[in-house]
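Number of protein chains: 2
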Amino acid sequence: MSRIIVALDRVDKSIDWYKELISNTQEYVAGYKFGLPFLTRYGIRGFKEISRLINEEKLWIIDFKLADISYVMTKSVEPFVKMGFNAFIAHSFIGRHGSLRELKEYLLENNSKLILIYTMSHQGAIDVLDKSISIIEEVIADIRPWGLVAPATRPEMIKRAKNFLHKNGIEIRILSPGIGYQGAEPGKAIQYGADYEIIGRLITYSPDPILRIKEINCIHEKVVRSG
Amino acid sequence: MSRIIVALDRVDKSIDWYKELISNTQEYVAGYKFGLPFLTRYGIRGFKEISRLINEEKLWIIDFKLADISYVMTKSVEPFVKMGFNAFIAHSFIGRHGSLRELKEYLLENNSKLILIYTMSHQGAIDVLDKSISIIEEVIADIRPWGLVAPATRPEMIKRAKNFLHKNGIEIRILSPGIGYQGAEPGKAIQYGADYEIIGRLITYSPDPILRIKEINCIHEKVVRSG
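First to last, the sequence lines map onto chains A and B.
Residue 1 is where the first sequence starts when you use my numbering, and the numbers rise one by one after that.
Residue 1 is where the second sequence starts when you use my numbering, and the numbers rise one by one after that.
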């Protein structure tokens, strides 16, 4: 079982290139993640094309970093839920009542997963998200999402998330971005307790994405065996 | 000069209905705001249709509540900047380095406005955003966006924003949502110091949107004259 989620973050390729990439790599990865640039570049039509490849056993993550009132968030995800995408990333920061509580309910009813952000990989996250981490933890403990996003670039925050989940007896998967171009080595986040590594450019810009994926799967297996 | 920004938040109408609404109301309002549901419902094509009506003197606000690393945010707004939309809403809580700082620069270079969220109108905002408000203020004082979003449902937060801006000698406009269906009376936010009221369903569900807009403009003028 792979621990790789491929972040499809290039906007300079065709939808056919994406479809080929997904078809060729699907058996070696845990899932795929699509961001807002994918939507603003390829539109709903692009997502419709991709949705033909959806296989329920994988994670098909829509990462718009939702952070709005519940009405806006549910209306925003509705078309993707209908297309078969099965996991959605939102910010813990937006709070519960009138926001995440209703989104969680909507996603549960529609057989979809909610993934919340614990903190992020960029420098600015240290000034704000990290400083409010205990407030964010309160939201997470209450909402109990399926997954949490914590950055590989600051693995001590993955450790903190693990400890917080353990202390509260909550089972939530940790997904870790920030590998490769943002600085962290593949395997680092897994070593610190993440369940998945979200990897974008390191794979999507590789001349041989399948080989790159297989190499990273090997690294992950080694880390898991030795850990 | 109107202080109304119309939030185009219905997803049950055609693009032609929207185009007619905008053509008929443009001379009576300060601008329009488009959210993520508009994009996921009408796609980039919908925005292209709307962009034909763009008039530089008005505010054409894209409200995706951006909250990501700079690479993702600039890639997300690029197509809209090219179409002529001239203001973009992002979350302050995403922080500066590697995020808002670069977005602000990109928007400045492209003759566009950055609008940051101070806090929001829903209940959940009290538990998280409000508790972190001094951290959010630090970000705002540093980034100096063109505008700030503060909720009409909790007008004391508009007052707090005004005081904070005044104390720091910063001139930033305040845009206030939460009017009508979310609970606040038209004019309330203006009374507390907002420069614009963002109004959605109260106008878009009205049998006579032009009349409704004119009524609200009258309320605003009265508030401004008496204040």
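It is worth saying that the hints were derived from the structure and are not from the lab.
Certain hints may be false.
Because identical chains share one entry, a pair is satisfied inside a single copy or across any pair of copies.
What the hints assert, rightly or not - 25 Å max Cα-Cα, derived BS3-like pairs, lysine-lysine: (1) 13 / 75; (2) 222 / 48; (3) 13 / 58; (4) 188 / 162.
Consistency of the hints with the structure:
no. : hint      : in the structure
1   : 13 / 75   : between (28 Å within a copy, 14 Å between copies)
2   : 222 / 48  : neither (37 Å within a copy, 50 Å between copies)
3   : 13 / 58   : within (23 Å within a copy, 35 Å between copies)
4   : 188 / 162 : within (15 Å within a copy, 45 Å between copies)
In this structure, only the earlier hint numbered 2 is contradicted, and the remaining ones agree with it.
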